[in-house]
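The chain contents come next:
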Amino acid sequence: MIENLKALPQNLRDSVVRYTLHPTSDRERSQATFHNLFLHLQSVRVHRNTLRVAYSFGLGLITTASFVLLTLTGILLMVYYKPSTELAYGSVKDIHFVVPAGRFIRNIHRWAAHLMVVAVFLHMARVFYTGSYKKPREFNWLVGLALLVLTLGLSFTGYLLPWDQLAYWAITIGANIANSPREVTDALHITKFLDVGGFQKQLLLGANYVGQEALIRFYVLHVAALPILMAMLMGVHFWRVRKDGGLSRDETAPRDPNDVFSPTKTYGLMAVVRGRTPAVGRGPEGTVQSWPHLLWAEMAVFMFTVAVTLALSYFFDAPLKEMADPAIPENPAKAPWYFLGLQELVSYSAFMGGVGIPTIALIGLGLIPYLDRDPRGVGKWFGGPEGKRIFWLSTVFGLISVVALLALTVNCGWLRNWIPSIPQPVITLINPGTVIVLLYAAWSLWILRRTASLRLSAVALFTCFLAGFVVLTSMGSIFRGPNWQFYWWPSQWPVH
Amino acid sequence: MFDAGRRDFLGLAAIGSALAALGTALAGVLRLPKPAVLPGPMRVYKLGDPAQFAVGSVVKMDAEQLYLFRDERGFHAISSVCTHLGCIVAHSEREGFACPCHGSKFDTQGKVTGGPAPTGLAWLEVSLSPDGQLQVNGETEVSRGTRFQVG
Amino acid sequence: MSDPSRAYKWILLISSLVTLGFLLAAAARENVTAEWRHVQKDYQRILLAKAGDATSRRVAGQFPVEIRQVTVPALNTVDRCVSCHLGIDDPRMKDQPEPHRAHPKELLKIHRTEKFGCTVCHQGQGAALTFHEAKAEDYFWDYPLLPASLTEASCNSCHDPRALPRGAAAKLVRGMELFDEKGCWACHKLDGKGGQLGPALDNVGLKTKHQFIRANLKGSQTVWHWLSQHFRDPMGIVPGSRMPAPALTPVENEALTVYMLSLRKRSLPEEYLAPDKIEQKYARLHPPAPNGEALYKQYCASCHDTGLYTRWDKNFQRFVPAIRNPSFVRTEDDECLLANVEEGRPGTFMPAWGPKAGGLSKPEMEALVAYLRGAVKPAELAAAPAGGSVERGRTLFGRNCAGCHGAQGQGLIAPALANPVFQKAATDAFIAETIRSGRENTPMPAFARAGFGQAEIADLIAHIRKGFTK
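Protein chains in written order, with this note's numbering: chain A, 304 to 799; chain B, 260 to 410; chain C, 156 to 625.
It is worth saying that the hints were derived from the structure and are not from the lab.
All figures in this text were calculated on a predicted structure; none of them were measured in a lab.
Listed next, the in silico BS3-like pairs over lysine-lysine satisfying Cα-Cα at most 25 Å (straight line):
no.: 1; chain 1: C; residue 1: Lys420; chain 2: C; residue 2: Lys290
no.: 2; chain 1: C; residue 1: Lys290; chain 2: C; residue 2: Lys373
no.: 3; chain 1: C; residue 1: Lys290; chain 2: C; residue 2: Lys260
no.: 4; chain 1: C; residue 1: Lys432; chain 2: C; residue 2: Lys344
no.: 5; chain 1: A; residue 1: Lys624; chain 2: C; residue 2: Lys290
no.: 6; chain 1: C; residue 1: Lys452; chain 2: C; residue 2: Lys511
no.: 7; chain 1: C; residue 1: Lys337; chain 2: C; residue 2: Lys348
no.: 8; chain 1: C; residue 1: Lys260; chain 2: C; residue 2: Lys432
no.: 9; chain 1: C; residue 1: Lys249; chain 2: B; residue 2: Lys305
no.: 10; chain 1: C; residue 1: Lys511; chain 2: C; residue 2: Lys337
no.: 11; chain 1: C; residue 1: Lys420; chain 2: A; residue 2: Lys624
no.: 12; chain 1: C; residue 1: Lys196; chain 2: B; residue 2: Lys293
no.: 13; chain 1: C; residue 1: Lys364; chain 2: C; residue 2: Lys420
no.: 14; chain 1: C; residue 1: Lys452; chain 2: C; residue 2: Lys517
no.: 15; chain 1: B; residue 1: Lys370; chain 2: B; residue 2: Lys319
no.: 16; chain 1: C; residue 1: Lys373; chain 2: A; residue 2: Lys624
no.: 17; chain 1: C; residue 1: Lys260; chain 2: B; residue 2: Lys305
no.: 18; chain 1: C; residue 1: Lys344; chain 2: C; residue 2: Lys469
no.: 19; chain 1: C; residue 1: Lys270; chain 2: C; residue 2: Lys420
no.: 20; chain 1: C; residue 1: Lys517; chain 2: C; residue 2: Lys579
no.: 21; chain 1: C; residue 1: Lys270; chain 2: B; residue 2: Lys319
no.: 22; chain 1: C; residue 1: Lys205; chain 2: B; residue 2: Lys305
no.: 23; chain 1: C; residue 1: Lys264; chain 2: B; residue 2: Lys305
no.: 24; chain 1: C; residue 1: Lys511; chain 2: C; residue 2: Lys579
no.: 25; chain 1: B; residue 1: Lys293; chain 2: A; residue 2: Lys385
no.: 26; chain 1: C; residue 1: Lys264; chain 2: B; residue 2: Lys319
no.: 27; chain 1: C; residue 1: Lys364; chain 2: A; residue 2: Lys624
no.: 28; chain 1: C; residue 1: Lys364; chain 2: A; residue 2: Lys637
no.: 29; chain 1: C; residue 1: Lys337; chain 2: C; residue 2: Lys436
no.: 30; chain 1: C; residue 1: Lys270; chain 2: B; residue 2: Lys305
no.: 31; chain 1: C; residue 1: Lys344; chain 2: C; residue 2: Lys364
Only part of the chain B face toward chain A is listed, based on derived beta-carbon distances under 10 Å:
no.: 32; residue: Ala273
no.: 33; residue: Ile274
no.: 34; residue: Ser276
no.: 35; residue: Ala284
no.: 36; residue: Arg290
no.: 37; residue: Val296
Beta carbons: idealized from backbone N, C-alpha and C, even for Gly.
Just chain A, same shape as in the assembly:
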């Protein structure tokens, strides 16, 4: 009894730690990784390429770290936040003014959300340009797309919660974008039978206006439904990264004949993980132990994310405008910045900009790995020098065409300014949004004809869309003022 009590600390520790915390040999290091719930998501050895900053820029990890930060700060904010139209604004003001560390934590939540959106976009671009969506990683690309949509959804639902003017009018616009299929059904005179827009809007708001019903729906989506879905999909995403062979790398390079990866020898049991299995007793060339090298990388990226978020949060407060007032619209009423590209398109046609083009873009992105089956070029940025050239050309083309189109509309208007009686369906079909999509598609087809390479034409299309997204987003964020007029800078906005 006494002896057992004496041994209690040691036994307690042993019962918690399944293996050692101080591995000294490679075997022990492998075991330490394998015997830990969190670490066993990783393989025990990783390729050196995985650790190369310039290959992945740690973007997936930054996204994950932001999500962790968001979850933690989000739970803390829930302690004080009251999801009611009468109390929400006051409770956020209280968090801002008197809750200990409240202002800082709310700032972190805000900035981590921005960071996560940026990182998830860049992560997708990285995966695309290194060809990492190719077999066997097609499905994980789809999971990634779903995670992108969820990230935007989480950001969007969080936007309403402070119940200030910014929130109220951004969500009013968002909800009316959901309503915009009416533009088409009205034109076809079938709204009475098939009211997709009205259905979507009511599903989102629970009413015809943004009110208490909408607030509680957005709250439930923001703090429960979407985060749970997100966490589950993230689990799938990580698991597939691991099972699909880790981070992609160039596997076409000539191999050392003495490599421990023998092409003939496989162990059935270990074949559950894709990739060739190593010969017994030798460390494979080009790989290092996950413990500690991958751990260092992960900790560094995590802490880097935290440091950046905290620095931003220290200097820039999250915005909180006047309390929501349905009688006074914000002018300009702007959605969150990552939707401002869409809002720019929405200013031409609500349906095309808000529903049509995003759907086309998502379907296009989802199809990429199933259309481009060429296994070459995986693990190399742009798949090689030819891809890089196409990337730059497409960047220039994408930028010039969208800027020119916007300059045209800003200076000369669009169809309705020229032919005032033009019917709405024509504008829905022919507007700067669809024109730019067609221009990009044409460019990409031209590249396909010139190079006969689906991969290169995909690079062209993706790059064009990225350029268009950047330009349209800056247009909506910076260059649009009251009444959605063009201004060179917000300081030129008239007081209204």
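With the hints as your guide, set chains B and C onto chain A.
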């Protein structure tokens, strides 16, 4: 940890500073749930002109959760919150205070005479506010028998 | 072999130190250098310096440094102003500078802080803990702190300002008088009474700056600055406005601004309403006998002035009829005058003043008519000649009348004769008499002197009655 060999000062410093940062963050996070200022009205109650309370009167103040007494020797206030588990005690001139929840009994001075209450009812500090109103501080206890004389 | 993790270790080290630094800085910003902490420590020093005896020295020594707030559930407010304004109810602090100073005028004795809080009178952002954020003039908050010179505006929420002790809300009372004197009612509605040319003013005091056109507003972007600038130059602040500048001295300007700010339609719990306020509401339901002259000043004078002459109105580019002109009231009976007041002139700048439009009650309109009439009794008018020709009338009208009354009687600088209310209220005899004798002190000449006989007048009446195309 993590192969921190004898000469890996860099690794040790990195891990150490990371732990320090996370520890500080944790401290900040733990501060958040404890409110810096409690919601609800102030616990210092201004009860108005002392002259409005007649000598010999007992007033039950519901919102303030106290009984205010005025006798020849001055004012005193006794909390109406039972020291057992926080129910509101009833008062009768002769028998003192009785708690309806678990049967605690207190005499007219608030001393325990029966039931599970661990201590007597609190006597609260009575004073005159700078602007001349009678003021009871719900946060400050005084010793039993303390009276406050106006003037 | 070099350590492949070396770069990451550096990143981890630097990031951790940066994180730690910002965490500590944020903690210090909140827990050490916060503005209210300095203020409370200063206050404690003042308390110690003023402490006369041992007890007050002990109290001062134990003065807790903490956030203080006044919660008023009935008004839905949480005011933390008292975290810095610690001496407001302490008479010893009369001589101290802000924020430690005692509240002036001993107002807190009748407006206990626990019942009223601070922002119900002073406005501003009560939740904030720094002066800049509490003042909220360039912060995201709808109701910034009212300057001390305008705080009186809040009295109107619970009091009838005129019933307050003399001088208690002098500016507010002066503002109310000015609103009557300047005839603002002619164009603006309050409580359902007043003209319709300008916006109703019931809730001006609750409007936020975003509800005003501020494109031409220089300087401070507050509602009160907008109001006072707007009184100075209405058309300069709101392009296209037809409001004349109500000639005001700077003192009067401020008084009227205070009154405007006091117009707040918000439901306060009844316990907050002073008895005089309830009386004021009661008086509105049971008005005393109306005073025609006062009503004329409030509702008519700003366009018709004395009403004795025809006035050229610059803003409306119109002659405003001389409605108290003896030669006019002599020709119209009371019924006719009342109809004109009650129904106005639809389509012109003259609004209807009946209960459903301008909000005047029947007795009020009757008092007004009595005032218009003055001592002049309606004359027995000669019956109008009948049997005129519309055709001949049209020619005559085109030559003699259309220049002022408009070819279709739509009214140019002179009244609109095609107007349905005119057609209904004006008798043929009245028209005949007006054509015959003209209107003294107005541009309307006496056409009898120009040789118009019964026949011409009959033709004209026929045309005026039937000849205008709708």
